[in-house]
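Protein chains in written order, with my numbering: chain G, 1 to 351; chain E, 1 to 351; chain B, 1 to 324; chain V, 1 to 324.
For the record, the hints were derived by calculation from the structure and aren't laboratory data. Take the hints with a grain of salt, since some may be wrong.
Below, in silico cross-link-like pairs of lysine to aspartate or glutamate (EDC-like), each with a Cα-Cα straight-line distance of 20 angstroms or less [what the hints assert, rightly or not]:
{"id": "1", "chain 1": "E", "residue 1": "Lys75", "chain 2": "E", "residue 2": "Glu30"}
{"id": "2", "chain 1": "G", "residue 1": "Lys142", "chain 2": "B", "residue 2": "Glu305"}
{"id": "3", "chain 1": "E", "residue 1": "Lys142", "chain 2": "V", "residue 2": "Glu278"}
{"id": "4", "chain 1": "B", "residue 1": "Lys302", "chain 2": "E", "residue 2": "Glu300"}
{"id": "5", "chain 1": "E", "residue 1": "Lys311", "chain 2": "E", "residue 2": "Glu300"}
{"id": "6", "chain 1": "V", "residue 1": "Lys33", "chain 2": "G", "residue 2": "Glu267"}
{"id": "7", "chain 1": "G", "residue 1": "Lys341", "chain 2": "V", "residue 2": "Asp319"}
{"id": "8", "chain 1": "G", "residue 1": "Lys195", "chain 2": "V", "residue 2": "Glu50"}
{"id": "9", "chain 1": "G", "residue 1": "Lys195", "chain 2": "V", "residue 2": "Asp46"}
{"id": "10", "chain 1": "G", "residue 1": "Lys142", "chain 2": "B", "residue 2": "Glu278"}
{"id": "11", "chain 1": "V", "residue 1": "Lys33", "chain 2": "G", "residue 2": "Asp258"}
{"id": "12", "chain 1": "V", "residue 1": "Lys320", "chain 2": "B", "residue 2": "Glu278"}
{"id": "13", "chain 1": "E", "residue 1": "Lys142", "chain 2": "V", "residue 2": "Glu50"}
{"id": "14", "chain 1": "E", "residue 1": "Lys195", "chain 2": "B", "residue 2": "Glu50"}
{"id": "15", "chain 1": "V", "residue 1": "Lys17", "chain 2": "E", "residue 2": "Asp144"}
{"id": "16", "chain 1": "B", "residue 1": "Lys302", "chain 2": "E", "residue 2": "Asp99"}
{"id": "17", "chain 1": "G", "residue 1": "Lys142", "chain 2": "B", "residue 2": "Asp22"}
{"id": "18", "chain 1": "V", "residue 1": "Lys33", "chain 2": "G", "residue 2": "Glu266"}
{"id": "19", "chain 1": "E", "residue 1": "Lys340", "chain 2": "B", "residue 2": "Glu305"}
{"id": "20", "chain 1": "E", "residue 1": "Lys75", "chain 2": "E", "residue 2": "Asp114"}
{"id": "21", "chain 1": "E", "residue 1": "Lys341", "chain 2": "V", "residue 2": "Glu278"}
{"id": "22", "chain 1": "B", "residue 1": "Lys320", "chain 2": "V", "residue 2": "Glu278"}
{"id": "23", "chain 1": "E", "residue 1": "Lys340", "chain 2": "V", "residue 2": "Glu244"}
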Amino acid sequence: MKMLRLITPDGQLDTSAAEALDLKDKDFIELFRLMLLTRRADVESTALQRQGELAVYPPLLGQEAAQIGSAYALKEEDFVFPSYRELGVALVRGIDLVDYLHFYRGTWHGGHYDPIKQRFGMIAVPIATQLPHAVGYAMGAKLDGNSLVTVAYFGDGATSQGDFHEACNFAAVFGAGVVFFCENNQWAISVPFAKQSSAPIYKKASAYGFEGVQVDGNDVLACYLATRRAAEHARAGNGPTLIEAVTYRMGPHSTADDAGRYQPKEEIEKWRALDPIDRYRKYLTEAGILDDALNSSIEEECDELAAHIRKGIVGAPPPPQDDLFRWVFADMTPHLERQKKELMEEAESHE
Amino acid sequence: MKMLRLITPDGQLDTSAAEALDLKDKDFIELFRLMLLTRRADVESTALQRQGELAVYPPLLGQEAAQIGSAYALKEEDFVFPSYRELGVALVRGIDLVDYLHFYRGTWHGGHYDPIKQRFGMIAVPIATQLPHAVGYAMGAKLDGNSLVTVAYFGDGATSQGDFHEACNFAAVFGAGVVFFCENNQWAISVPFAKQSSAPIYKKASAYGFEGVQVDGNDVLACYLATRRAAEHARAGNGPTLIEAVTYRMGPHSTADDAGRYQPKEEIEKWRALDPIDRYRKYLTEAGILDDALNSSIEEECDELAAHIRKGIVGAPPPPQDDLFRWVFADMTPHLERQKKELMEEAESHE
Amino acid sequence: MSEFTMAQALNEALRSKLSKDDRVLVLGEDIGKLGGVFRVTDGLQDQFGEERVFDTPLAESGILGVSMGLAMYGYKPIAEIQFDGFVYPSFNQIVSHVAKHRYRSRGSAGIPLVVRIPFAGAIGAAEHHSESPEAYFAHTAGLKVVVPSTPLDAFDLLTQSIDDPDPVIFLEPKSRYWAKQSGEFGAGTLPIGKARVLREGDACTLISYGAMVTRCLETAEAAAEDGVEVGVVDLRSLVPLDIETVADAVAQTGRAIVVHEAPLTAGFGAEVAAQLMERVFLSLEAPVIRVTGYDTPYPPAKAEEYYLPTVDRILGAIDKVLAY
Amino acid sequence: MSEFTMAQALNEALRSKLSKDDRVLVLGEDIGKLGGVFRVTDGLQDQFGEERVFDTPLAESGILGVSMGLAMYGYKPIAEIQFDGFVYPSFNQIVSHVAKHRYRSRGSAGIPLVVRIPFAGAIGAAEHHSESPEAYFAHTAGLKVVVPSTPLDAFDLLTQSIDDPDPVIFLEPKSRYWAKQSGEFGAGTLPIGKARVLREGDACTLISYGAMVTRCLETAEAAAEDGVEVGVVDLRSLVPLDIETVADAVAQTGRAIVVHEAPLTAGFGAEVAAQLMERVFLSLEAPVIRVTGYDTPYPPAKAEEYYLPTVDRILGAIDKVLAY
Ligand SMILES: Cc1ncc(C[n+]2csc(CCOP(=O)(O)OP(=O)(O)O)c2C)c(N)n1
Ligand SMILES: Cc1ncc(C[n+]2csc(CCOP(=O)(O)OP(=O)(O)O)c2C)c(N)n1
Ligand SMILES: [Mg+2]
Ligand SMILES: [Mg+2]
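Kindly produce the complete structure, drawing on both the sequences and the hints.
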């Protein structure tokens with residue numbers, strides 16, 4: 001099977017393959033706009049962490065096409081189950097990135113958005129644990145006669161976890177409408193994919209009896225097309241698909257990481273030439289879809305988004321103390337009331 | 001890929017394929033003998049449970065060829081990691097079945113044999129948990145320059161567990177010399193394979209980059225050959241193989257089960273015609289390898305084995321009370337000494 | 001006024017909930033056609049169909065994970081774990097997600113999920129079929145831990161657990177599945193979080209839950225024959241813990257013994273003992289002591305009688321606190 | 001006489017064991033080239049090679065499962081779990097196999113295995129990186145649970161854990177990784193199972209382990225400034241528990257406070273309190289109380305200071321027991 005690619009690294013579109021896209025110019029532009037906004041927000045977040053405004057942050061630099069292309073293929077009713085690196089997907093889902101980044105500031109574990117209303121689950125740090133949630137949610141939709149689709153995002157390392165296996169198997173057995181979207185960025189912190197698994201990720205789908213496809217993860221159009229097809233397949237009641245988006249982690253695993261210890265410079269350079277935004281910009285420009293005016297208006301938007309994030313995060317207050325106890329249970333138990341009282345009294349005694 | 005089969009259900013040998021076996025007559029006879037001994041011991045164990053001498057027992061009726069054929073392909077230094085249904089494998093490994101059956105009598109959790117000396121691990125009840133042990137043991141052997149092979153036995157239902165997946169992946173990544181031998185007896189208690197997974201078991205190996213083979217699990221020669229090949233492959237340092245032995249659970253899941261609630265009579269009848277012992281007897285007889293004299297001497301041996309089991313199990317004493325504390329740690333902690341004293345004193349006070 | 005076993009009472013609770021609320025689902029291993037290895041789900045698939053009562057692949061982490069997803073969608077899954085010893089593969093999903101989801105979502109996405117687990121020993125079962133994991137769950141913030149000891153309470157507590165907006169670990173004492181009781185289903189009104197005083201007694205108070213409650217009542221009978229009146233309190237739920245009721249009882253007797261099958265060290269008895277010391281220290285005539293399983297793995301069937309708290313061991317403990 | 005951090009001490013213990021015993025292996029996620037996220041295994045792969053110090057795929061159940069197989073073969077695996085919150089996927093392997101194997105094999109196949117886990121909070125980490133799971137393991141028969149509080153003890157206890165014939169859950173208080181101490185490696189002779197009295201005091205006894213030991217010492221300093229002398233005992237291992245040393249100390253003061261980060265309910269503090277009540281009941285002037293994390297999930301970084309026992313909270317507890 002050959003990897004799905006619509007735009008070559010030097011920006012040439014495979015026009016015949018591209019017919020399947022049927023996207024309008026505004027869509028082509030929107031994809032570009034979202035990738036730029038994502039990159040800016042990502043860079044801004046890294047900067048905020050360096051300045052001590054975020055506790056930690058895992059950059060998605062280099063993975064913009066995989067995230068934007070896939071997320072753009074979803075409908076509003078669809079439900080996304082992210083890992084911890086999907087800021088780009090959150091943006092597409094219309095989440096205020098300030099609310100999202102409160103997770104990384106350490107203001108609140110789920111950030112400040114409502115996962116159910118936003119149809120974008122909370123950040124899942126324990127690797128692969130969100131996959132069975134996506135399956136269960138899709139099983140529920142099917143049972144309810146609802147044609148929505150769920151998408152689980154995860155990394156290459158996540159494919160080693162038992163939860164990946166159990167989720168794929170449940171999805172196949174129950175014909176759940178799930179898209180398993182793997183961002184293979186070649187690294188799991190310091191472990192290269194070669195030491196993670198001995199088979200290509202897309203091939204793992206055959207163990208469950210559904211289709212696995214490999215796409216150029218730095219090609220936003222290929223990621224869009226593969227995801228739209230998988231979503232249509234699921235919507236039609238034909239069950240899950242596994243998509244392996246072959247991309248690369250251009251930054252460190254997280255701001256706490258020291259990638260210099262293990263990530264080869266040459267490898268980074270090799271992938272820099274495959275940058276998802278550069279190639280797409282080249283195509284859009286040559287196709288006459290993107291001009292300077294548009295470019296600078298998007299740049300402006302990026303500045304605004306960065307400013308918005310900064311404004312919302314810098315110096316944001318910690319949660320009030322009683323938030324610690326508010327949501328352990330729907331109704332606070334007498335025991336927790338006592339513990340809350342204890343904390344509040346002690347707090348006052350030192351004011 | 002087509003299922004490996006050397007003897008048809010009506011006892012016809014595929015002579016060309018059989019050349020690969022290079023077994024002597026005594027081996028052909030030994031395989032037969034072991035299957036008969038196994039079936040008798042299995043039937044006897046079920047009877048002992050009915051009489052209240054065993055707490056519970058999971059019959060392997062119908063799976064004799066899969067167990068004997070595979071186990072016969074191993075060398076003494078190889079290490080077996082069984083589930084809970086491998087009485088036949090235990091027999092081949094030279095374990096006194098009385099020691100084995102003490103697990104099911106409830107005399108001791110590991111039975112009464114030494115797993116390390118016997119190179120046959122203790123019964124593993126939690127599904128699929130023994131698979132990573134087999135991988136780790138094989139990793140150790142490789143590290144130590146030891147060419148031994150490990151074999152993990154498990155059922156079709158076990159393939160749904162995360163531990164199956166993690167074990168296969170570790171084995172592939174570390175090139176561990178493991179044979180994953182799955183006895184697909186079509187049922188996981190009341191759940192038929194169709195509801196367990198949507199892909200054939202042998203195909204799951206492709207998710208890890210090693211070979212998966214499907215064999216007629218009721219053909220003792222095919223099970224032998226497939227396992228010997230997998231073992232040679234592993235011994236040569238080429239890593240793991242997954243073998244799916246297609247067989248059938250002719251009895252209930254265990255003596256505590258009421259299979260009548262879910263297992264179709266017709267299905268059982270269909271498989272009865274495929275009985276592993278009948279077809280092999282037919283072949284051996286027609287090939288002139290088996291005659292009445294031999295037959296009756298084996299029958300005699302079976303009677304002796306049954307009598308031996310009965311003698312060892314019926315009325316066997318419970319463990320002494322202080323065994324409860326002896327092996328929690330290598331050296332008993334003062335805390336456990338106190339608890340032991342407490343129990344012993346209380347015991348005496350009521351004698 | 002009919003007589004029924006705890007297994008039947010649980011089956012009835014599931015049946016009534018499935019008929020009243022079509023968001024209720026029952027899933028697990030062998031709970032469909034087979035009706036569960038203890039027949040607690042017997043007949044439910046026939047009555048409610050394979051969509052609402054279904055068998056899953058053999059994978060507990062998957063069962064808990066998809067149950068969580070189903071709950072997020074709006075269903076009320078009731079997941080069965082076939083035996084106590086098989087809940088551990090799902091521990092990560094329970095501790096890292098199910099227990100924390102309401103909290104991390106600032107209240108917007110609670111997980112109404114009941115995990116039914118046949119638990120504890122005394123039925124001569126094979127290894128891994130007699131574990132008492134309650135302390136693991138009681139120590140995990142965000143979970144309720146409920147343990148019935150009688151058929152009627154089993155019906156009430158399971159019904160309440162299904163109605164509960166939060167995840168409930170529902171531990172079914174398997175040695176009591178066949179215990180009979182007669183009465184009216186749902187007549188009980190005692191909610192989760194309230195302990196029940198089953199017997200008054202001025203000499204000392206026995207505190208327990210699950211199957212050991214019966215042991216305690218037998219012990220109280222035996223003690224009464226020697227003229228010693230001991231009270232018995234059934235906790236019914238470990239989280240929330242009704243320490244008030246327990247403390248009131250102990251304040252009167254000044255002596256307490258906590259009984260459970262689980263190992264002693266860091267078992268739930270330690271929590272009860274510690275909270276009693278904090279609350280009624282000055283009324284205590286003797287230390288609160290614990291009669292529990294030993295700090296060993298659960299032993300083989302032929303040895304479990306040595307391991308489990310017996311009437312004699314509890315009587316011995318009573319002598320000890322009375323002599324103190 | 002050099003100065004070193006706890007991370008360096010642990011690294012040194014691993015290094016010396018790897019060089020002395022070629023059956024010792026180190027495995028886990030990112031412990032090779034990267035040297036572990038806390039650099040505890042820094043340089044070990046370079047020195048001992050990829051065969052003895054190796055990265056694994058990202059699967060904790062697999063890590064524990066293969067470690068058990070390696071141990072059965074005759075190796076002494078030291079498995080690292082990257083963070084406390086990520087040990088749960090391996091819970092089944094630990095509880096169902098690692099802890100029980102010597103027992104079920106009647107002593108013929110013990111599992112000498114060390115599971116290193118950076119644990120607990122106070123470093124402003126993201127969710128799932130600040131858990132205190134010690135009670136889960138302390139309640140599991142067959143496991144030893146060891147927790148150093150200083151660099152020197154970290155060296156000694158890790159060395160002893162590697163020498164131990166049984167599985168050891170080795171909990172490294174991550175907020176202490178950078179704590180410095182000077183002294184001689186291996187000079188310590190106090191074995192696993194012995195608590196250490198770090199400070200004498202007649203007013204009351206503080207009992208803790210891991211990072212909270214430092215909190216207790218700070219509290220003792222503060223109390224001393226007000227003329228109140230409180231003792232501090234470092235448990236060092238929860239299983240085996242050196243209750244004798246603790247009880248002796250408390251018998252003298254008559255007042256005790258147990259401090260840990262883990263949630264209160266069914267936390268290890270309950271065990272210490274319950275055992276103290278059983279042993280020194282008549283010497284107790286006040287109930288043994290606990291200063292712990294609350295019964296909530298571990299809070300976000302910006303709120304952890306509310307959650308963790310502070311010097312003020314411990315001082316408040318001291319006032320309480322003294323006023324009792
Ligand atoms: C169960 C679990 N184990 C370990 C970790 C620590 N950890 C966080 S991210 C990570 C690597 C994940 O790699 P991958 O799945 O490829 O995703 P990526 O970070 O590359 O996007 C690890 C080991 C974790 N979060 N959860
Ligand atoms: C982790 C775990 N979950 C559930 C069980 C209960 N159980 C025992 S055997 C079994 C079915 C196993 O089926 P399969 O793997 O096909 O093996 P078979 O019994 O058919 O040989 C189940 C569900 C268990 N032993 N372990
Ligand atoms: Mg990755
Ligand atoms: Mg089967």
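Practice prompt. Below or equal to 20 angstroms on CA atoms is what counts here, so check Lys142 (chain E) against Glu50 (chain V).
Written response: holds, 13 angstroms
Worksheet item: For the pair supplied as a hint, Lys142 (chain G) and Glu305 (chain B), is the alpha-carbon distance within the 20 angstroms limit?
Response: Cα-Cα ~49 angstroms, so violated.
Practice prompt. Please work out if Lys195 (chain G) and Asp46 (chain V) have their alpha carbons no farther apart than 20 angstroms.
Written response: holds, 17 angstroms
Discussion item. Run the distance test for Lys341 (chain E) versus Glu278 (chain V): straight-line Cα separation, threshold 20 angstroms.
Written reply: It holds: about 17 angstroms lies between the C-alpha atoms, which stays within 20 angstroms.
Worksheet item: Lys142 (chain G) and Glu278 (chain B): Cα distance at most 20 angstroms?
Response: Answer violated: Lys142 (chain G) to Glu278 (chain B) is near 52 angstroms, above 20 angstroms.
Discussion item. Check whether the Cα positions of Lys33 (chain V) and Asp258 (chain G) lie no farther apart than 20 angstroms.
Written reply: holds, 11 angstroms
Practice prompt. Measure nothing beyond the straight line between the CA atoms of Lys75 (chain E) and Asp114 (chain E); if it is 20 angstroms or shorter, mark the hint as holding.
Written response: At roughly 18 angstroms apart (the allowed maximum being 20 angstroms), Asp114 (chain E) and Lys75 (chain E) satisfy the hint.
Worksheet item: Hey, Lys17 (chain V) versus Asp144 (chain E), does the alpha-carbon distance stay inside 20 angstroms?
Response: With a Cα-Cα distance of about 18 angstroms, the restraint between Lys17 (chain V) and Asp144 (chain E) holds, given a limit of 20 angstroms.
Worksheet item: Straight-line Cα separation of Lys341 (chain G) and Asp319 (chain V) no greater than 20 angstroms?
Response: holds, 18 angstroms
Practice prompt. For the pair supplied as a hint, Lys195 (chain E) and Glu50 (chain B), confirm whether the alpha-carbon distance does not exceed 20 angstroms.
Written response: Status holds; Cα separation ~12 angstroms.
Worksheet item: Is Lys320 (chain B) within 20 angstroms of Glu278 (chain V), Cα to Cα?
Response: holds, 11 angstroms
Item to complete: Could you grab the alpha-carbon distance between Lys33 (chain V) and Glu267 (chain G) and see if it respects the 20 angstroms cut-off?
Response: The hint holds at about 17 angstroms.
Violated hints, in rising order: 2, 3, 4 and 10; the structure is consistent with all others.
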